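Here is how the chains run, residue by residue.
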Amino acid sequence: MTLRDLVLVRLGVAINLVIGQIVVALLLPIYLDSVGTILVAALVGPRAAITAGLVSQVLSAVISGNFSWLPFAVVQIVIALYASVVARLGAFRRLWTAVAAGIGLGLVAASCSAPISYFLFGGVTAGGVTVVTTVLRALGAPLGVAVASASYATDLLDKAIACGLVCVILRGLPRTLAARFPVLAR
Amino acid sequence: MIGYVTGRSPLHRAHPYTTLALAGAVLLAAFAMTEPRTVWLLVLAAAALAAVGGVLRSSVRTALLLSLPIWALLFVLYALLGADPRVAFGPLSLSSPGIARALVLGGRVTAIVLSFLTALATTSPHRLVEAMTARGVPFGRTFLLASTLTILPRMRERAAQILEAQQCRGLRLGGSVLARLRALGPLALPLILGALAEVDEQVLALDVRGAAAGARRTAVDPPPDSQIQRALRWSLLLLVTAAYAWKFWSMRG
Numbered sequence: 001m002t003l004r005d006l007v008l009v010r011l012g013v014a015i016n017l018v019i020g021q022i023v024v025a026l027l028l029p030i031y032l033d034s035v036g037t038i039l040v041a042a043l044v045g046p047r048a049a050i051t052a053g054l055v056s057q058v059l060s061a062v063i064s065g066n067f068s069w070l071p072f073a074v075v076q077i078v079i080a081l082y083a084s085v086v087a088r089l090g091a092f093r094r095l096w097t098a099v100a101a102g103i104g105l106g107l108v109a110a111s112c113s114a115p116i117s118y119f120l121f122g123g124v125t126a127g128g129v130t131v132v133t134t135v136l137r138a139l140g141a142p143l144g145v146a147v148a149s150a151s152y153a154t155d156l157l158d159k160a161i162a163c164g165l166v167c168v169i170l171r172g173l174p175r176t177l178a179a180r181f182p183v184l185a186r
Numbered sequence: 001m002i003g004y005v006t007g008r009s010p011l012h013r014a015h016p017y018t019t020l021a022l023a024g025a026v027l028l029a030a031f032a033m034t035e036p037r038t039v040w041l042l043v044l045a046a047a048a049l050a051a052v053g054g055v056l057r058s059s060v061r062t063a064l065l066l067s068l069p070i071w072a073l074l075f076v077l078y079a080l081l082g083a084d085p086r087v088a089f090g091p092l093s094l095s096s097p098g099i100a101r102a103l104v105l106g107g108r109v110t111a112i113v114l115s116f117l118t119a120l121a122t123t124s125p126h127r128l129v130e131a132m133t134a135r136g137v138p139f140g141r142t143f144l145l146a147s148t149l150t151i152l153p154r155m156r157e158r159a160a161q162i163l164e165a166q167q168c169r170g171l172r173l174g175g176s177v178l179a180r181l182r183a184l185g186p187l188a189l190p191l192i193l194g195a196l197a198e199v200d201e202q203v204l205a206l207d208v209r210g211a212a213a214g215a216r217r218t219a220v221d222p223p224p225d226s227q228i229q230r231a232l233r234w235s236l237l238l239l240v241t242a243a244y245a246w247k248f249w250s251m252r253g
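Each protein sequence line maps, in turn, to chains E and B.
Going by the numbering used here, the first sequence opens with residue 1, and the numbers climb by one from there.
Going by the numbering used here, the second sequence opens with residue 1, and the numbers climb by one from there.
Since the hints were derived computationally from the structure, they do not count as laboratory data.
One or more of the hints may lead you astray.
[Stated by the list, open to error] Have a look at the derived ranges for each label pair, beta carbon to beta carbon:
#: 1; chain 1: B; residue 1: 182; chain 2: E; residue 2: 64; range: 25 to 31 Å
#: 2; chain 1: B; residue 1: 57; chain 2: E; residue 2: 64; range: 17 to 23 Å
#: 3; chain 1: B; residue 1: 172; chain 2: E; residue 2: 145; range: 37 to 43 Å
#: 4; chain 1: B; residue 1: 176; chain 2: E; residue 2: 63; range: 50 to 56 Å
#: 5; chain 1: E; residue 1: 21; chain 2: B; residue 2: 80; range: 30 to 36 Å
#: 6; chain 1: E; residue 1: 1; chain 2: B; residue 2: 13; range: 30 to 36 Å
#: 7; chain 1: E; residue 1: 171; chain 2: B; residue 2: 209; range: 29 to 35 Å
Note that the structure is a prediction, hence the values are computed from the model and not measured.
Glycine included, each C-beta is placed from N, C-alpha and C at the ideal position.
Please construct the entire structure, taking both the sequences and the accompanying hints into account.
And the structure:
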């Protein structure tokens, strides 16, 4: 990894951890905790993005004190790989393609996080998702279905918005700055 | 309280890798345990670890605060909405298998949180960086772990300043979900674009410090390691492997 990659990874991690502050201020029902990972994937590539995702997961545990969510680090790896592929395919050039790629990412991420949530934690993880799971369970849905439905519903919205935001960031980059990222130029 | 607490306990004096290995072993072992009794033995082991580190009271209090919402959700999802047979508990009718499952899941989270809070409270970040440097861990990895924590407060402060500035310009944070979603751009974009514009400056600063040289760095004050601690770390690995072997063997049986 070059020094530039290293600095970008650090920036990606900081974005992952700080953007939540804005989301909380706006009282939005999403997390946006992977915007930094997706941005690093689009600017540099998969290796740096995977590092950003994993470091974010560890530091988020260090800051919050809740280390039980460390197994979800796998989801960050999947997000990094997927985002790198769609970035190379040019998904972040237009807003609608970015949002479509985000919906795909939501499906992929939920397919990874739902089994972890179900098998390791019995479906009880972060507050918002578990509240949806509990409501669905109270309505009579089997636990597996309730966990999967809650994961897909939250991840589809979250990742579509995250990818849309990354597209707007990339389009907002000054040309002189954008020219410094070869992956972006492709 | 979450973070390092100065002290002179055996855990404070241990090599940082040993303390982290103990917490890591609890994390891995927790997912191998499927019976309430074994999971709660692990919770007791994590509490014993906190007692050895001299941080029992603070770690248990924080662990309980952090796992309380999870316990509440587990109670609703498993004890109240769980399958039959049911047992009467005062005015409530609770699921018997649901209670057992909630005890396993809640115990897991409590054990993991407690052990890592203890590791955080007894592992000095400076000693950890020194230990990593002494083991030849590349500069990039130590830099990422240590320096990201230092830029976080700066980014948080900048996010708060942008929030105030945009509110002064008339940005409304309330309204419908769509209106709040629209406000996301004016708040997140200046923060991220501003940080991206500083990347080159930071690369230069690191280059000047010789970060790109790739040479192995010398630790100034590496924490001492011992044969006993190395043996303990290997034993933990063997114990975790044995726990998983037992889990899969009993599943087949």
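To see whether the hints hold, each was checked on the structure:
Distance hint check for residue 182 of chain B and residue 64 of chain E: the Cβ-Cβ separation is about 29 Å, which falls inside the suggested range of 25 to 31 Å. Checked against the hint of 17 to 23 Å, the pair residue 57 of chain B and residue 64 of chain E passes, with Cβ atoms roughly 20 Å apart. Between residue 172 of chain B and residue 145 of chain E, the C-beta spacing of about 39 Å keeps the proposed range 37 to 43 Å intact. One distance hint, 50 to 56 Å for the beta-carbon pair residue 176 of chain B and residue 63 of chain E, is violated here, with the actual separation near 31 Å.
In this structure the supplied range 30 to 36 Å holds for residue 21 of chain E paired with residue 80 of chain B, their Cβ-Cβ distance being about 34 Å. Distance hint for residue 1 of chain E and residue 13 of chain B: a CB-CB separation of about 34 Å, consistent with the stated range 30 to 36 Å. A C-beta distance of roughly 34 Å is found between residue 171 of chain E and residue 209 of chain B, which places it inside the suggested range of 29 to 35 Å.
Of the hints listed earlier, the one the structure fails to meet is number 4.
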